[in-house]
Each structure stands twice: as structure tokens, then as C-alpha cells.
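Colleague: So you can see what is in the structure, the chains are spelled out below.
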Amino acid sequence: MGCVQSFRQLCDRTKNTNVRLSLPAVCFVWQTAMIILFGIFIRYNEESDTHWIEYRREKNISSDSENDFYFRYPSFQDVHVMIFVGFGFLMTFLKRYSFGAVGFNFLIAAFGLQWALLMQGWFHSLDYTDGKIKIGVENLINADFCVAGCLIAYGAVLGKVSPVQLLVLTLFGITLFAVEEFIILDLIHAKDAGGSMVIHTFGGYYGLSISWMLYRPNLDQSSRLQGSVYHSDVFAMIGTLFLWMFWPSFNSAITDHGDGQHRAAINTYLALASTVLTTVAISSLFQKHGKLDMVHIQNSTLAGGVAVGTAAEFMLMPYGSLIVGFCCGIISTLGYIFLTPFMEKYLKIQDTCGIHNLHAMPGVIGGIVGAITAAAATETVYGKEGLINTFDFEGAFKDTVPTRQGGLQAAGLCVAICFGVGGGIIVGCILRLPIWGDPADDNCFDDEPYWELPEDEESIPPALHYNNHMHNKDLAESNFSMEQSTH
Amino acid sequence: MGCVQSFRQLCDRTKNTNVRLSLPAVCFVWQTAMIILFGIFIRYNEESDTHWIEYRREKNISSDSENDFYFRYPSFQDVHVMIFVGFGFLMTFLKRYSFGAVGFNFLIAAFGLQWALLMQGWFHSLDYTDGKIKIGVENLINADFCVAGCLIAYGAVLGKVSPVQLLVLTLFGITLFAVEEFIILDLIHAKDAGGSMVIHTFGGYYGLSISWMLYRPNLDQSSRLQGSVYHSDVFAMIGTLFLWMFWPSFNSAITDHGDGQHRAAINTYLALASTVLTTVAISSLFQKHGKLDMVHIQNSTLAGGVAVGTAAEFMLMPYGSLIVGFCCGIISTLGYIFLTPFMEKYLKIQDTCGIHNLHAMPGVIGGIVGAITAAAATETVYGKEGLINTFDFEGAFKDTVPTRQGGLQAAGLCVAICFGVGGGIIVGCILRLPIWGDPADDNCFDDEPYWELPEDEESIPPALHYNNHMHNKDLAESNFSMEQSTH
Amino acid sequence: MGCVQSFRQLCDRTKNTNVRLSLPAVCFVWQTAMIILFGIFIRYNEESDTHWIEYRREKNISSDSENDFYFRYPSFQDVHVMIFVGFGFLMTFLKRYSFGAVGFNFLIAAFGLQWALLMQGWFHSLDYTDGKIKIGVENLINADFCVAGCLIAYGAVLGKVSPVQLLVLTLFGITLFAVEEFIILDLIHAKDAGGSMVIHTFGGYYGLSISWMLYRPNLDQSSRLQGSVYHSDVFAMIGTLFLWMFWPSFNSAITDHGDGQHRAAINTYLALASTVLTTVAISSLFQKHGKLDMVHIQNSTLAGGVAVGTAAEFMLMPYGSLIVGFCCGIISTLGYIFLTPFMEKYLKIQDTCGIHNLHAMPGVIGGIVGAITAAAATETVYGKEGLINTFDFEGAFKDTVPTRQGGLQAAGLCVAICFGVGGGIIVGCILRLPIWGDPADDNCFDDEPYWELPEDEESIPPALHYNNHMHNKDLAESNFSMEQSTH
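Chains as they are written, first to last, in my numbering: chain S, 1 to 487; chain X, 1 to 487; chain F, 1 to 487.
Next comes chain S alone, as it looks inside the complex (with noise of 0.2 Å):
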């Protein structure tokens, strides 16, 4: 601890937001990279190519319908629009932190989902015939959920950074991913469909460990613009309903075909229906006066589709979905009541948007719960060959009975914590670095820094605006030379 205070105060001097030459630099040397490794490594599979009409002849495969694009586009159209309109949107509930928030949100997207496929690609797609990797659309998906591991973490340290620190945690972060991944999936053959462990916890951890690290002593000299108004409340229930809505998507995106997505789906529909009632409850429970608070409304109800992501394909039935969804709701909001300020107070860690209430400890719950159910599962529920299907108790693995794949999932929820903890950890540390361009501690949460803002007066008057303190007379005066660059 001694060793971290000390480094912490070697990376704070003067702030220079100033980010001319990095954030350029940055974008075209990485896009280049990503061009010729693209060109070296990436390549389409056999059902994007061209070759698909004689593989399909070869394969004796009846109909164009059985291309995997049909199977899984309009879940990758769901999932595409809940990284990028979902995220983005749900972090615009700031007052002054709306273009960064949906800017920079689309910008480590963009980015993340190239530097996935790569990673991905190498770990999971490399045709070794050829060393090349083979793309389709299910690694489109992985891709887009290789990213909201990142966006996660992007929402513990929102409007503290730079967009040149996001684009560092990004990469760093993709290629953490992608190695965890491998681990818990691959080596360790943990089920994790709809990413409670992998995404979620990973990029939870990933993101509170990164906030802890760049913990801002004076982070109260910003707290006029740490708030929202009221449309933008608004436009943070546009991200959150994107979630809540397609959800069910994301944690079937990338299951069985036929009854596995059919599964997911419905488990996840329900879980995410039981949360908001529950998270209403306590929101109302514990607010004076039983008023709801909109920040509940907006996160916690989607506690739920995160806790059934690891259990989402199997025969958690109905009611065990309600179930999940119950408990996370209460969990969740009782999170943002009192875990939040604790960790704030205690622990150092700075959660702007409440992301271990979110996605931490539901991931964590959904580990569990994917443990708990995989542990349970019999030949009696699932059928002989259903059970099969479902644990791809096959190859390798063939030998695995239930319970053991309930360890299994065990195992992996500790890698995926691991991962996440020792990772953010590390990179925080790279962040700290006073060459990233973040901003200083009584302007952070603000899009002034990093965006050329409109000039008007409608949300933040001036002088709460640009200086708290400032005098009467200084203000007196912004008002005559603005009355006079209007006549």
C-alpha cells in the first residue's frame, strides 16, 4: 500500500489535457497496425467466401438458410446496438459528460472490436493449414463481447481520463480478454454463454482495479458536474432500455444452435423482467418520502440479464430465472445505496457508474449461480444427449460428469476475478503515468477538456460551469461581452 501512495504521488503533476499529438498518433499508428495484421493474419470463412456455394455442394448442406449468418445476425444486430447505443447511452446521465460519454464509448469500440478479432482469432479461429484467421459472424459477436468487457471498466473511471488512457485500458484490456478467455472456456472448459464470468466479472474487477489505482483525493472539487439534469436522465434510460431490451440476444448470441438460444433467451427475458420489479421495491424502500431514484431505475434493472449469463443455456427453468433476477435486483440497488459510498470512503475505489453494482458482484452471482445449476444437472432433465450438447461433454471432455463441471465453473469465476483484479492493477499503473493527457481533479466530468462544445447556456449557467467561485463581477462581465457579440 505504501509503495502504490508513493507512486501515486511520483505520476501527479500539472494537467495537460492537451491531447493534439497523443490521441492522433495513437489512432493512426494503431489503425496501421491493425491493417497489416488484418492483411498477414485475417481472412473470410468458408460460409462468408465465396467457396461457400461449392462447400455447401461438398457438404451437402441442404439451403442457403443453414449459413450461420441466419442463425445468429439478428443477434449480433442486437448485441452491436447494446455496445454501442446501450453503453454509450447509459453513461450519458452525467449533466456535462454526454459527448464523452457516447464519444469516447464509440471510439474504443471501434478500435476494441479489430484488436479482438485479432486476439480471438488467434486463440480460437486459426485455420493452422494456413495460419490464417477465418472470420464469420460469430466472430463479429465474440468480438462485440470482447468490447463490453472494456466499456464495462470505461464506466468505473468515467469522466476521469483521457481518450488516450481509454484507448490503453482497451487494448490492455482486449488482450487480457482474450487470454482469460482462452483459459476458463478452452483449458479449464467452463460454460459461459452469455459472460457472466468472462465479460462481466472480468471487466467489472478489470475496472474497479483500474479506479483504485487512480484514485483522486480531490475528487469533490468536481462535484458540481457530478450529477445529471434531468434530460439527461433521459437519455440514459435510451441506453438502458437498449440493454434491458436485448439482453435475451447477447446471452443467446452465441449458444446452440435451436434449443440453446431458444433456452437463453426466454431465461434471460424473465430474470430481467423479476429485477425491475425487485429493484423498484428497494429503490422506493430506501429513499425518503418512498421515492424512486432514477440511478436505481437505470442500472440495477439490469442485474439481472448479468447473473444469468453463465447459467442462461442451461435448464435453469422459468422460475429459476425469476429467481436470480429477484435476488439481483435487491442486491444491486442496496449497492448503489450503501457498498458504493463504503468503497468510495474506504476502499479508494471510485465507481463513478456504480459498475461493482452492475456487473461485479451479479457476475459473481452468475458464476455461482452457473455452478450451482451445472453441479445439479442430470440425464433425468436433460436427456441423454441434451446434456451432452449442453456441457459439450465430448473430445477431451467426454468424461466429465456434472458435478465436476460444477467445479469447473467454480475454477473459472476465480480466473475471471483474477484476471480482472491482477490486470487493472497493472494497467492502472501505466495510466498513472502523467503523459496520458487526463484531466485535473476539479475538471473532471466535464466535456470541456476534450470536445468543442456548442455555446449555450441552457443546462450549467456559466458560472457554475466554468468556475464555482467565481465573482459576481467577473460574471457581470461574461454577460456584457456575450450581449455583445450578439449585437
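No incorrect hints appear here.
Per label pair, the in silico range of CB-to-CB distance:
(1) X:Phe123 / S:Glu385: 29 to 37 Å
(2) X:Leu187 / F:Val29: 42 to 50 Å
(3) F:Thr380 / S:His124: 26 to 34 Å
(4) S:Phe338 / X:Asn16: 24 to 32 Å
(5) S:Ala376 / X:Asn218: 55 to 63 Å
Calculated cross-link-like contacts (lysine-lysine; reagent style DSBU-like; alpha-carbon spacing at most 35 Å):
(6) S:Lys59 / F:Lys384
(7) X:Lys288 / F:Lys15
(8) S:Lys384 / X:Lys132
(9) S:Lys384 / X:Lys59
(10) S:Lys291 / X:Lys345
(11) X:Lys398 / F:Lys134
Simulated from the structure, these hints should not be mistaken for laboratory data.
Note that CB positions come from ideal geometry on N, CA and C, so glycine has one too.
Fit chains X and F to the supplied structure of chain S, relying on the hints for placement.
Modeller: Only chains X and F this time, still in chain S's reference frame:
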């Protein structure tokens, strides 16, 4: 009328909008009940169960793409967007009720769909061999449809009820819906793919009857908030457009595979396009200087989708769809201009969103169009098999002829109206009880009673917002205290 | 130039923005004409007709899932969202023209798609046995595409024209589009799946030519309104993101079943990702202090989708897509920084949304990329059958070779430019006639002439909004009268 009047007076006591006990209690108890009932009754059907692989082999189904999931899931997701974003954002037009519009819509839809799965399941999907309801993607769509009826009713009472009242409205609404639907579709054997009768007519008259029972003679005390601001109108257009765009999916979601879904989508697409032009025409014609009114654009443009619901899967012909849309745009817009003020003044029906013009009237028109189209069906146009398939002239109904089907359709429409009006009056009585925490007459259309609001003076200056008749001295004082809080 | 100048002066009379007669008249007459023409010409095709069941048996089609509806409907809905939400909200960025942006977009798209079904139907879907146009889901997609061309043109004249002018622009635009499309795709036999040439190049130059004809030398009188406010920029990001996310569906919507759709989606996904990074880089590099400009993020990030349109279904290779996106992000952003001001100052082209940078230039690049990719196609890469399938080297074109196809592509591009420029000049002449109710130079970019506006002073103080030079006395009086109206 006299007894209704005295009952109303009996229930008007001093209002207390604190729902800190009632709202959490209702949410917890009802959600727990859902879990228990789901545990007893609801299971996966053969297409979402792990036994699908065996079922598929048994039934000789050639491919996973024959799973109903792939026929209906894209439509389901579109319908889901309509329910949560469409209905939710359509109601955000009020300047200070956007949280309530989108938040309560979210709450009651999330509860309603669970209860709908049970209610509709008992009537339609009960497996008599084991007494379980077997659900798949079609059940999810139907649950969303069922919820739509209650959300329509919400439109009539928007801003005038508490969340607890809305949950009660939904509980009874879903119950009535499921019974009404069973009578219309199964007993009477009317067809209603897009729910012109079952959803819109029922939902419309249900909401209007409730609003009539909850008549507030002094609602003009809240008139300062019963309007829009610039940006709230733009938010409402999000709702309008997602409803408009996805209505073809709504009307085709549960029609027959193949040509049924295809034709229903085309008919709805055309009817809606036609409605837009006549709505614009009437809106411009009846306003001074020919200016367009956002209320009409937001609402009446959707009337064609409602009115083409029943006949969408019939051979309505493309020009037939255009004619239906043409008429509905005119009627609905005229309704907003003339009927809504008339109903408020003379019939004591306060219809916040004008659901009479958007749902009730177009729903009735849709029922009539359906009856005429069915009665006019011939083997020449439909083909022998086409006629049987489209109208399900099978089993007990194999001797039905088109003209008789037209009569059945008309009978279905009457049932929908009766259930709407009758159910609404009864539920309205219940909602008048002075226990639900609804706002006082001078406190309507305001998020303040039920939501923690951010401290911004963006849209409504405090003097207007909290008290229209506040003295200047008070205003000065409140400004003074605000100054203190920022320094 | 001299005669154009004098024609312009001839048409500049006192402006009257009252469209109370012209707008309803145009809407009613045109919609009635649509009904009559649809009655005469348009019928369901064999996949959306009740005879499908017999057709299916006759053609030995194994399953309903072979109905084109299931191959294309998800893409259609995505395209539909792009047309109505994407284009509509992208244009809401102006501080006081959001109603016009989203509302007129809605109006002209709803009219345009009907007229497009007819125009395209006569050229492409006419059944010569009975003289009827037979429509299915592919026709709906093509109608939406056709509308896109006109919506692009709307971007150039946004805020400067009346709704009647927009309807005229659409009527002629759709007509020209259908002819141009027939020449390019059928006569010349160029391929253009995503419409780089047919949609974007044509639409771009069509709009720019109209804007040139409608040049307003005194437009700076409206400069107070030609900018954004904070929340209008966030609204515009809704449009941007839905366009960005669903562009893979746009470019793949009408490509071949199977690998064609699959590959087009992948290529577009990658090109768009690449564009985001270079857009950010250039935007930051050319602004003082490295701040990002929302105009670039909202628009230039989409240029890659435009430019990859023609070649999306070819074997462009993943890295090829990245390169196209890389270049377009740079060119488009530089266009916003340097070309748009240049064009306004020296070429007298006022391009409100910068469609030259987002559609015209990237469209031309897309056409060139398509020509090169086609000319470079080999049997080694495509496979023998793949080459024939991808380029439709069948029937009259069975002897075409790739190099020749490259020439055909280039010819197609020239036709698109000619139709755009020529058609735009002619339609621009028509739109200058002083009968259309367009706003005066000091009244542009304002919803006030055509919309009933809510009485809020949220964004623009009244002094600025109604009259920039209003005296203080008037202002005081208007405040006084407002006070009276609230008391």
C-alpha cells in the same frame, strides 16, 4: 350517474403521494407470487428444451432452422422495442413527466409480461398431460402483446395516477385481456393477428373508462405542466418512430409462417406510410397559418398500423392497406382536434395521450375492416388451401364460410368493446379508493411526487414548477438559499 | 451562370411560409394518386400471396424458412431504422430545427417509399403476363434505399426549404433514382449492393446541385440558429449510431443469400470501425488544443460505410475494408474542415449537413473501389462458380470478364454523377419558383414557420429566437405579457 358521482366524492380525500410502504410491498409480494406460480406451472416447450434434439429426430425435422425461434425471434425483438422504448418514449412528451412515462411504463410492462405468461398460458398453452404451461418464443410475443393493452390504458391516465395504481391497473388489465382474448380467438374463432380488437380496442376503452371513473374536475390546476417543451417533444419522436418502424413486425409476429408473416408486414408497412401523409395534411389544414402540430405527428401517424391489425394477414391488397391508412390518418387527427376537447368537456373523460384517437377508434375501424375483408374473401383470390389456412377453417370450424367469418369478426369486436368498457369501470372503481397514493389535482403531470429529481432549473423555472402563485418574495428567498447552497 | 443568376433573382420575392393550402393539397392529391396507381398495378408476389402454399409444393421448396422473408426481413428492419431514426435524428443537431429534421424526414420518406415501389416496380418487378408489379420484402428494402437518396439530398437543404419543396424534391428524386438505377444495374450491368453509386453519389450530387440552385446570399442572417446546443448534439448521436450500427445490414440487405450477405456484413462492419479511428485522429489534429468536433464524430465516422457499399459483396478482404475505411475517415473529416467552407464561399453551395463529405465524396470513392475490386477479381480468389455468382456473369453477360466489369462499374459511376448533377439543376430550377412557401433568409434553420412550438425558453431566449434586434423595451413588454398569462 348519481351513484358514480357520490362514489367519486366519497373517495376524494386529502392526497398522500408517499408510496414508501405500498409500492415495495406490492412489488415484493407480487413478484414472489410470480416465482411460486412459475415454479408450479411454467416449463420450456419442446423447442426450447434440451430434449429438442430428440424431438427433432422423432418428428423428422430436417434442420435447427425449423425451430420456431428463427421464424419469430427477430419479430419478437422488434415488438419488445415497441413495448419498452416505443410506448415508453411516446409518453415522454410532457415537460416534467418523462421519468414517470418511461419508468412506470418499464415497471408495469415488466410485471405484466410475467402475469401474462401465466394467464395466457392457462388458456392457450396448457399441456394437459402434466398440467404445465409450456412456453416458447411465441408465448413471449403474446405476453408482450398482452402488456401492450395495459400500456395503452396507461396513456389515458398518464400523469394522474400513482405507480401502485398502475400495477393494479395492469394486474386486472392482463387478467381481463386473457379472458377476452380466449373468447374472441378461441370461442368465437375470430382472427386478429395484429390485435386491432383484442389489444387496441380493448386497451383503449379500458383506459378511457378508468379515466372516466378517475375524472378530476380541478385538473386545470396542473395545466402549467400539461404541455411539452422542445426537447421532450423530440424524445417523444423516438417513441413514435420505433413504434412506426416496427409495427410491421408487430402485426406479423404471430401470423402463419411463410406468406402469412410476409403479407402482414407488407400491408402494415403500406398502411402506415399512407397515414403519415393524411395526418400531415389534416394537421396543417386545421391549424392557423398551416403549421404542423407535434401531437398529431407523434400519434396519428400510427393509427394506420392499429387499423390494419386484424386484416394484415388477409388478402387486403396493397391498395386496400393504403386506403385504410388514408382514412385513419384523417380520422385520428380530427379526433385530436375536435373529439378530445369534446370528451373532456362533456363526457368527463380526461385522456392525456389521446388514446381514443390513436387506439380505440382506429382499433374499432380495424375490427370493421377485418370483418368486411373476411366476409369478402373468395377462393378465387385466396386459393382453396390459402383460404383454409388463412382463416383456419379446420377442426370444429371446417364448415365456416367467409361470410360467416365476417360475422364472427364483428362479434369479436363487440366483445372487445364490452370487456374494455365494463372492465374499465370496475377497475376504475377500485382505483378510486383513497389508498393508492395518487397525486392531488394541482400535482399532476409532475415527476416530483414519485421521483428523486436532479437539481436543475433547465426546463421549468422554480416559481412555475413548485407553485404557480408563489410570491416574489418567496422566489427571491429561494434564489437566495440556492446561492448559499452553491457557495 | 449569368442566366442562372437572373433566374434566381426573378424568383426571389417576398416570402410567405404559410403552407396551409399547398401542403394539405399536395398530400391529399398525391396520396390519392398512390392509391389509384397501387390499385391498378401492385399485387403480392408469390412469396407473400396466399397461393404460397401451392407455389411451395409446385417448386418443391422444402420449408417455409426458404421464403425470402426470413432471409431479408431482419435486414429490412435495420434499413428501416436507418431511414427513419438514422437519417431523421442525424439532422436534429441544429438547435431549433429538430422538429423539421425528424418530422419532414418522416413525411418525405413515407411518401417516397410508395412512389419508389411503383417506379422501381415498373422497371424491375413487372410481371408481363398480367401487367402487375409483384412485391415482396426485397421491394420494400429497395423502396427504402430509393428514399435514402432523397433524404441525403434533404441534408444539403436542411432548414432552408418548405415541406412542399421537400415533397417535390422527393417526387423527382425517386423518379430520377429509378431511371438511373435501371441504367446502372440493368443496362450497364454494374453491381452496387450497398448503393455507393446509385444511392450516395446520386443523392449527394442531386442535393448539392439543388442547394446550388437555391443559393441564399444572405443566409448569414440566420446564422444565430445555424449551430447546435448540447442536447441537440446528443440527439444527433442517436442518428449517427443507428446508421453506423445497421450499415452492415444496409450493404448486405439485397446481396445474394448465403455468403453474399455474410461477406457484405463483415466488410461493412470492418470499414466502419476503421473510419472511426481516423476521423477522431483528424478531428483532434486540426482543432486547437486537440479537441474533438461533434460534427465530425456525427458524420465522418459513417463515410466508411458509404465507401464500401459497392465492393461490400466482392472479395474485398478484411484488410481491404479497413483500408477503405481508413482513407474515408481522413478524407471526409478534412472535407468538413476545408471543403465545406470553400464550397460555400467560392462555389455558392450551402451544404447544411455536409453531405458532400459524408455521401458524395465517399460515394465516388466507393464507386472507384468497386471498379478496381471488380477488375482485379480472379478465379483463384473467387472460385469458378463464385466469380459467376458474385458478378452475375450469366445470360446476356455470360462472356463478361472481370476487367470489363471494372469498366462497367466506372461507367455506372459516371451515370450516377450525371443524373445527380443534371437532375439536381432541373429540380432546383423548379424549386426556385416563388410558390412553395420557403422561409426568408433571416428565418432559416427555424421550426417556427412550419411547427406549432411549445412555449418554453429552454434553448433560445426569446430575444434571440424571434428577433435578434428586438429592443429592450419590447423584451420587457413580452416578459410582462408572459407574466400576465401565467397569473
